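The primary structure of each chain is shown beneath.
2 protein chains.
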Amino acid sequence: MLEVEVKYSVDAFAALEAALARWGAPLGPPRRDADHYFNAPDRDFARTDEAFRVRSVGAKNYVTYKGPKRDRETKTRLEIEVALAEGEEAAADFRRLVTHLGYKPSGIVRKSRRVAHCERDGFPLQVCLDEVDNLGRFAELEVVAPEERYEAAKALVLAAAHELGLTQVERRSYLEMVLATSAGADAG
Amino acid sequence: MLEVEVKYSVDAFAALEAALARWGAPLGPPRRDADHYFNAPDRDFARTDEAFRVRSVGAKNYVTYKGPKRDRETKTRLEIEVALAEGEEAAADFRRLVTHLGYKPSGIVRKSRRVAHCERDGFPLQVCLDEVDNLGRFAELEVVAPEERYEAAKALVLAAAHELGLTQVERRSYLEMVLATSAGADAG
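Chains as they are written, first to last, in this note's numbering: chain A, 180 to 367; chain B, 180 to 367.
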């Protein structure tokens with residue numbers, strides 16, 4: 180399956196919250212994500228445009244691989260996510276395991292996320308309102324679609340973003356932005 | 180933690196079953212293990228004496244890293260194991276995920292395993308009676324011990340093996356043996 184995704188920088192969430200309510204897509208309660216990213220021993224994911232991370236959401240843990248982005252307008256890419264055992268120990272053990280395989284921690288992204296779900300044109304659309312530590316506010320729209328529905332899914336997320344009044348496209352990942360920020364801080 | 184382990188080839192299990200009963204360590208019911216091993220993109224685990232596998236035991240799944248063996252008498256090594264989500268789909272997804280990271284399937288080991296637990300000299304000792312598909316019967320004795328109790332744990336597993344009458348030491352992993360067998364079959 181493909182993760183067909185667009186991301187926008189936003190100044191405030193109020194207008195988005197109102198639009199989602201009109202769509203009949205209420206936002207869930209905020210959750211805290213801690214995403215630990217790793218770089219590979221055999222290639223540089225910053226160059227190959229891949230990502231490998233362990234995400235902890237409360238007690239739940241997930242390991243995720245993301246392939247290179249497919250086009251220039253969206254952040255569409257292959258995504259494979261598998262749940263690990265719950266709890267801090269399982270997450271720490273898995274991070275230690277991949278370190279022994281040669282993976283190096285590349286950065287941690289922490290954010291508060293609220294998620295709304297709705298259906299549009301037969302696709303399950305997910306809208307995330309993110310407050311990312313030290314970065315600011317963002318809205319992500321995402322559809323998970325099979326390869327053969329890629330173009331339709333892409334048109335749909337772009338139309339939905341337009342309808343929500345989103346204009347400031349952000350193509351960089353949160354990890355790239357966090358690393359750019361800390362590099363700036365280091366330089367300063 | 181270290182996995183302090185010895186393995187022996189055995190002709191039959193009857194004498195071992197009787198000895199374990201005398202120890203008050205009854206064998207659990209047989210379970211089927213399917214171990215999918217992978218080789219790394221940046222090094223050859225057969226040369227570095229490491230192992231990386233996804234084990235499925237019924238619906239349960241585990242991902243395991245094993246470091247190089249520490250000594251010549253036992254199979255002692257670092258072991259990190261983390262449970263994945265249950266079910267065949269999670270195991271298949273995880274195997275697909277590591278393939279995208281560049282790992283290559285190196286072999287599958289399938290076996291029926293019965294496990295007995297007992298305590299000896301304050302250590303929790305695990306005895307496994309394994310019938311490995313196409314390889315035969317083996318007994319494994321294992322203690323998981325902290326680094327500082329390595330020598331005591333090693334002495335204990337060797338003494339317990341002696342007491343059980345085990346003599347035919349097998350240092351090779353099941354994977355190595357499976358690969359040797361299939362290489363022979365290929366050559367024939």
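Calculated directly from the structure, the hints in this document are not laboratory data. There's no promise every hint is true.
Quick list of simulated restraints, FRET-style, between CB atoms [to be verified]:
#	chain 1	residue 1	chain 2	residue 2	range
1	A	Arg-222	B	His-296	25 to 33 angstroms
2	B	Glu-330	A	Gly-237	48 to 56 angstroms
3	A	Arg-351	B	Ser-291	46 to 54 angstroms
4	A	Arg-211	B	Gly-237	29 to 37 angstroms
Listed next, the in silico DSSO-like pairs over lysine-lysine satisfying Cα-Cα at most 30 angstroms (straight line) [claimed, not checked]:
#	chain 1	residue 1	chain 2	residue 2
5	A	Lys-248	A	Lys-283
6	A	Lys-283	B	Lys-290
7	B	Lys-248	A	Lys-283
8	A	Lys-239	A	Lys-290
9	A	Lys-283	A	Lys-239
10	B	Lys-248	B	Lys-283
11	B	Lys-290	B	Lys-248
12	B	Lys-239	A	Lys-283
13	A	Lys-239	B	Lys-283
14	A	Lys-239	B	Lys-239
15	B	Lys-239	B	Lys-290
16	A	Lys-248	A	Lys-290
17	B	Lys-283	B	Lys-239
18	B	Lys-283	A	Lys-248
It should be emphasised that the depicted structure is a prediction, and the values quoted were computed from it without experimental measurement. Cβ coordinates follow ideal geometry from the N, Cα and C atoms, glycine included.
Hint check:
no.: 1; hint: A:Arg-222 - B:His-296: 25 to 33 angstroms; result: violated, 43 angstroms
no.: 2; hint: B:Glu-330 - A:Gly-237: 48 to 56 angstroms; result: violated, 41 angstroms
no.: 3; hint: A:Arg-351 - B:Ser-291: 46 to 54 angstroms; result: holds, 51 angstroms
no.: 4; hint: A:Arg-211 - B:Gly-237: 29 to 37 angstroms; result: holds, 34 angstroms
no.: 5; hint: A:Lys-248 - A:Lys-283; result: holds, 22 angstroms
no.: 6; hint: A:Lys-283 - B:Lys-290; result: violated, 34 angstroms
no.: 7; hint: B:Lys-248 - A:Lys-283; result: holds, 23 angstroms
no.: 8; hint: A:Lys-239 - A:Lys-290; result: holds, 15 angstroms
no.: 9; hint: A:Lys-283 - A:Lys-239; result: holds, 22 angstroms
no.: 10; hint: B:Lys-248 - B:Lys-283; result: holds, 22 angstroms
no.: 11; hint: B:Lys-290 - B:Lys-248; result: holds, 22 angstroms
no.: 12; hint: B:Lys-239 - A:Lys-283; result: holds, 28 angstroms
no.: 13; hint: A:Lys-239 - B:Lys-283; result: holds, 28 angstroms
no.: 14; hint: A:Lys-239 - B:Lys-239; result: holds, 17 angstroms
no.: 15; hint: B:Lys-239 - B:Lys-290; result: holds, 15 angstroms
no.: 16; hint: A:Lys-248 - A:Lys-290; result: holds, 22 angstroms
no.: 17; hint: B:Lys-283 - B:Lys-239; result: holds, 22 angstroms
no.: 18; hint: B:Lys-283 - A:Lys-248; result: holds, 23 angstroms
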